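In the working numbering, the protein residues as written are 144 to 601.
Since the hints were made in silico from the structure, they are not lab data.
Fair warning: there could be bad hints in the mix.
What the hints assert, rightly or not - Below are the EDC-like pairs computed for lysine to aspartate or glutamate, each with C-alpha atoms no more than 20 Å apart in a straight line:
#1 K277 <-> E215
#2 K197 <-> E345
#3 K455 <-> E419
#4 K202 <-> E345
#5 K197 <-> E215
#6 K336 <-> E419
#7 K562 <-> E386
#8 K202 <-> E386
#9 K458 <-> E419
#10 K485 <-> D545
#11 K455 <-> E494
#12 K336 <-> E310
Stated by the list, open to error - DEER-style ranges, computed between Cβ atoms:
#13 P255 <-> K190: 22 to 28 Å
#14 G167 <-> D200: 38 to 44 Å
#15 E269 <-> H536: 26 to 32 Å
#16 G430 <-> L199: 49 to 55 Å
#17 G415 <-> E300: 41 to 47 Å
On a predicted model such as this, the values are computed, not experimentally measured, just so you know.
Quick reminder that beta carbons are idealized off the backbone N, C-alpha and C, glycines included.
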Amino acid sequence: MATVSSSMNIGNCSYLLVLFGYQGSGKSSSCISIIGQEEFHGTQPTKEPLLCTKTLDCKKLTLVDTPGWNLEDDNAVAMEKLDGESYTSAHIRHLCYPGVHTLLLVIPIGEPFTERHRQGMVERLESAGTDVWKFSMVLFTGADRLWGNGVEEFIAEGGSALQRLVERCRNRYHALDNTCSENSTQVRELLQKVEDMVQENEGSFFMMDDGIRAPWSGQIPEREVGMITSDVVSPIFRSPPRELRMVLVGWQGAGKSSAGNVILGERRFESGCRTEVSSRQQAYVSGWRITLVDTPGWDWFSFRRTPVHVRKEIKRGARLLHPGPHALLLVIPVISTLTSRKRRALENHLEMFGEEASLHTIVLFSCGDWLGCTPIEEHIQRDGGQYLNLIEHCLNYYHVLDSATATRGQDQVTELLLKVEEMVAQNEGRPFLPVKSNPWSFISNGWLSMPESTLFNA
144 MATVSSSMNI GNCSYLLVLF GYQGSGKSSS CISIIGQEEF HGTQPTKEPL
194 LCTKTLDCKK LTLVDTPGWN LEDDNAVAME KLDGESYTSA HIRHLCYPGV
244 HTLLLVIPIG EPFTERHRQG MVERLESAGT DVWKFSMVLF TGADRLWGNG
294 VEEFIAEGGS ALQRLVERCR NRYHALDNTC SENSTQVREL LQKVEDMVQE
344 NEGSFFMMDD GIRAPWSGQI PEREVGMITS DVVSPIFRSP PRELRMVLVG
394 WQGAGKSSAG NVILGERRFE SGCRTEVSSR QQAYVSGWRI TLVDTPGWDW
444 FSFRRTPVHV RKEIKRGARL LHPGPHALLL VIPVISTLTS RKRRALENHL
494 EMFGEEASLH TIVLFSCGDW LGCTPIEEHI QRDGGQYLNL IEHCLNYYHV
544 LDSATATRGQ DQVTELLLKV EEMVAQNEGR PFLPVKSNPW SFISNGWLSM
594 PESTLFNA
């Protein structure tokens with residue numbers, strides 16, 4: 144194994160991914176979902192490595208599907224299959240030249256993942272070098288089997304073997320619903336995570352010198368025995384991993400893009416100009432993986448005065464977060480006065496996301512430095528109590544962002560994320576999606592096939 148710096152990765156937006164996993168794990172179906180081509184025969188076992196490419200959002204994606212591993216392999220079978228596996232390994236290395244950006248370890252949801260599964264996967268991968276984990280991500284297939292639960296909950300309840308594997312991959316994972324192969328959103332989310340990994344690895348790739356072929360002998364190495372018998376679970380999986388998906392909404396010129404940049408800790412959204420199209424950005428902030436969507440602004444005084452195409456674009460922004468956002472951040476400049484007409488317009492716009500949108504909304508005051516020494520609570524009492532009524536409508540969740548100083552701004556962002564996490568806990572981890580007229584229309588839009596009266600769990 145070698146880790147090699149690559150100039151083709153970030154600059155030219157070209158990524159090479161290879162899928163590994165046990166037989167029947169859904170590797171080929173995942174290839175179809177990602178690539179959108181039927182060269183991969185999802186119903187037939189993969190007998191030799193297959194390569195396919197796709198261009199998505201001006202990024203070239205090269206995918207390699209590999210033959211599934213056999214869990215029942217033992218030493219005797221391994222000796223019989225060694226030559227064949229060496230040939231397969233050489234073929235994989237040839238297809239993956241000069242190196243791999245991401246190794247996707249495919250695990251089906253709804254099937255038990257035991258210590259034997261984990262150990263077999265670890266030994267096969269580490270036969271190519273321990274650095275392999277820098278480039279590895281768990282890809283869960285069968286997201287339709289979650290039935291409203293989130294993949295984080297599946298990990299938390301999946302046992303220590305699964306949790307340790309995810310942790311070995313530096314808590315990088317993604318879930319695919321292969322019954323909705325036309326859903327490009329889940330593929331774009333995966334690609335975003337791959338891009339994050341490439342940036343973390345500074346554009347290097349994994350060179351498969353020795354191949355990944357050694358079957359597990361069925362014997363647990365001495366160094367692992369103590370770890371396996373322990374009931375200690377990593378703290379990160381005592382509760383679901385800290386991942387928050389949020390949408391910035393509000394008036395035109397309210398400072399949504401600027402607030403998003405403060406939250407992400409760097410300039411990701413274009414500020415100072417009107418947002419016409421919803422856009423999504425991701426970053427790691429104070430221990431959270433944050434996915435944030437900026438949306439076009441709506442009218443200050445009336446829902447009806449907001450153009451229909453703007454309303455649709457705002458709702459589309461929420462659908463950029465699969466399986467749904469955890470929170471709406473309703474951005475309001477702290478220097479703005481709030482009349483009863485403006486307040487009703489805000490509440491009417493929030494109803495685009497459904498009757499329960501207020502359960503998931505935090506009022507986010509921007510330009511907090513304008514308050515000076517005035518407490519936000521005193522400011523809320525002004526304007527005839529209109530701010531107070533709005534905040535009560537949002538179950539008293541509000542926060543102030545002050546971007547005047549970087550240190551103070553970072554502390555306020557951490558406090559905001561803690562409030563969002565508290566609100567998510569009160570909602571039992573349920574994200575949500577904008578209401579649609581057809582209760583089963585999530586199917587045609589690539590979402591989990593259940594009525595929208597059933598909220599999606601994170």
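A quick look at each hint next to the structure:
Distance check on the hinted pair: K277 and E215 sit about 28 Å apart at the alpha-carbon level, beyond 20 Å; violated. Between K197 and E345 the alpha-carbon distance is near 23 Å, which puts this suggested pair outside the 20 Å criterion. For the given pair, K455 sits about 11 Å from E419 by alpha-carbon distance, which is consistent with the 20 Å threshold. Of the pairs offered as hints, the one joining K202 and E345 holds, with about 18 Å between alpha carbons and a cut-off of 20 Å not exceeded.
Between K197 and E215, the direct Cα distance comes to roughly 34 Å. Violation of the 20 Å bound is thereby established for this hinted pair. At roughly 25 Å between alpha-carbon atoms, K336 and E419 are farther apart than 20 Å, so this suggested pair is violated. Simply put, K562 and E386 have alpha-carbon atoms about 14 Å apart, close enough for the 20 Å limit, and the pair holds. The hinted pair formed by K202 and E386 fails the criterion: a straight-line CA distance of about 25 Å is larger than 20 Å.
Restraint check for K458 and E419: the C-alpha separation of about 13 Å stays at or below 20 Å, so the hint holds. A hinted pair counts as satisfied when its Cα atoms are at most 20 Å apart, and K485 with D545 does not qualify at roughly 23 Å. Restraint check for K455 and E494: satisfied, since their Cα atoms lie roughly 13 Å apart, inside the 20 Å limit. Under the criterion of a C-alpha separation no larger than 20 Å, the hint pairing K336 with E310 is consistent with the structure, at around 16 Å.
About 26 Å separates the C-beta atoms of P255 and K190, a value consistent with the hinted range of 22 to 28 Å. Taking the beta carbon of each, G167 and D200 are about 31 Å apart, not inside 38 to 44 Å as hinted. Here the CB-CB span from E269 to H536 is close to 54 Å, at odds with the stated 26 to 32 Å. A C-beta distance of roughly 30 Å is found between G430 and L199, which places it outside the suggested range of 49 to 55 Å.
Here the CB-CB span from G415 to E300 is close to 46 Å, well matched to the stated 41 to 47 Å.
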